[in-house]
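Student: Chains as they are written, first to last, in our numbering: chain R, 1 to 504; chain U, 1 to 111.
Worth flagging that the hints you see were computed from the coordinates, not collected in a lab.
One or more of the hints may lead you astray.
A short, non-exhaustive set of chain U residues, derived as facing chain R with CB atoms under 7 Å [said to hold, decoys possible]:
#  : residue
1  : Leu30
2  : Leu33
3  : Arg34
4  : Leu57
5  : Val71
6  : Asp90
7  : Val99
8  : Asp101
9  : Asp102
10 : Phe104
Every residue, glycine too, gets a C-beta built ideally from N, C-alpha and C.
As a plain string of letters, each chain reads:
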Amino acid sequence: MTAGLDPLRLTAREARRLLTDGEIAASELTKTYLDQIARVEGKVHAFISVTADNAAKYATEIDQEMGATRGALAGLPTAIKDNMVTESVTTTCGSKMLGNYQPVYTATAVRRIWGDHIVMLGKSNMDEFAMGSSTETSAFGPTHNPWDLGTVPGGSSGGSAAAVAAGEALWALGSDTGGSIRQPAALCGVVGMKPTYGAVSRYGLIAFASSLDQIGPLTRTVYDCALLLRRIVGRDPVDSTSVALPGEIELPTAERLDGLRFGIPAEYVAAGIEPGVLARFEATVALIEELGATCVEISLPHTEYALPAYYIIAPAEASANLARFDGVRYGYRSPHATDLTEMYEATRGEGFGPEVKRRIMIGTHALSSGYYDAYYGEAQRVRTLVRRDFDTAFAQVDLIVSPTSPTVAFGLGTRLADPLAMYQSDICTIPVNLAGLPAISIPCGLAGHLPVGFQLMGPAFSESRLLSAAHALEGAIGFSAVPTFTDSRAAAGGPGGTTAEERS
Amino acid sequence: MVRLQARASGVCEEDSRMIDQNDVRHVARLARLRLEPGEAERMTAELAKILEHIDKLSELDLSTVEPTAHVLAMTDVVRPDKPRPSLSRDEALRNAPSVSDDCFRVPRMQS
């Protein structure tokens, strides 16, 4: 490690200052992260592929050749979730199906930050096709939570979250369909934001559920989140669902919350939140009031229907999106077939893992003849009710807050056999995906030895307001703990901190 | 599930709350998904539990609610119909499992 640079604590804001002021070279900064990867990746497994040679070479080019032409994010070491295609860099989506896929183009969000001269350290681990809440469904093995190696990092962007928490990347891009940025951010003690649907181009993001998917940042601080988000947003001619934001994302400076009204949805707090998480949540709500804001209880009455509606809409869209993996144009092809239909069936049977198959089956069933109206049609109507709940709430309050996840990180393997228990992980994060709204998770302390996430949700295109409030709150929380890389499985009592002892 | 299936054009018996193994095999064929031995049994039980959870939606009266297909109020998005650069044949074929005469090669249609 370069003297004085602590990858567990360094922020992008500070790294950028050090680079701009010439106090460190881009090559030194990249080496700090590559050294940390060498040190802890064997325990954490945050990456599917580490592009160490390219990263070191590119950082040296930035130092030697760029000078005044350096982009806004030049030299900042970054992890990219492995469902964003990167030209000539293997992109697997966490699946055997794409185990050797070499994209011939690059996702717009990635191309934009490459244009700013970020340094890509590698492609981060994820649940297969982003279907999961623990990163355990990855075909390349699970990621371990740096706070407790016996627990999951959350998912599906668990590799991105763990990489940032473990100091293996300065920051990362993830994607969020039902909580896949915010829930792992919460479980790994980092910041994660899902922007408004349409704010970031989905071009080159391997599609899971197209009406829900959004790319967003995972970072150490709220300021860093704004710094990265403002470079990836904007209308993209090759994603017809992308839109121009009303204004540039502002870098947050607020330290107070005077005059703001926060809503606390009764339905979220009732939704089986474990005591340690609830205690941190309530302590954070008290801080909001100390910062000059008002907190009022609100109701989002259709919250309990969001999860079942999501588990129709997301699998239905996934079953259509994943029809393209047929062994013809790219990806895995089964050698065990003699005719075309057999080839399709064997390729998909062998190439997809159990959770992906389960969702394709649910989705195909829901869209099949005779069932479409009863399932997909109903779910889309429920989606309208969930949106209306938020519209009504945002007529009364500026922002809504909740725990991000009902629990802290759970033990590896403890929910894998029970899909419904796994799906409950996203109970607080799914509603905003259905409504297309932006939301951010920030660390609000520890329950036992594991981090707790605090979620702030806002109206469509309120990113700057959300970031500003999250920044003020982050300052008041003062979360400064770092991961310990210990493994509770080695100690008595097993993983999964459910104790209510709090520190921060 | 009873109400959902009652509306599902009589595809299922009204009292068969559970999806059965024949349904699972039918859906797997539609999805072009080969199930391994034992997988249909396991999947039947798992899908039944998930569908039972989803059936919670039948508590709601949705008869007057419009569906949401897309969250943003967007009208038709169009672009000028002009040719643009595209992938070369070589790039398009680069990841293909099997290529022959600059085409994707597949097994014969019928064995």
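Student: Which numbered hints does this structure break?
Tutor: The structure conflicts with hints 6, 7, 8, 9, although it agrees with all the remaining ones.
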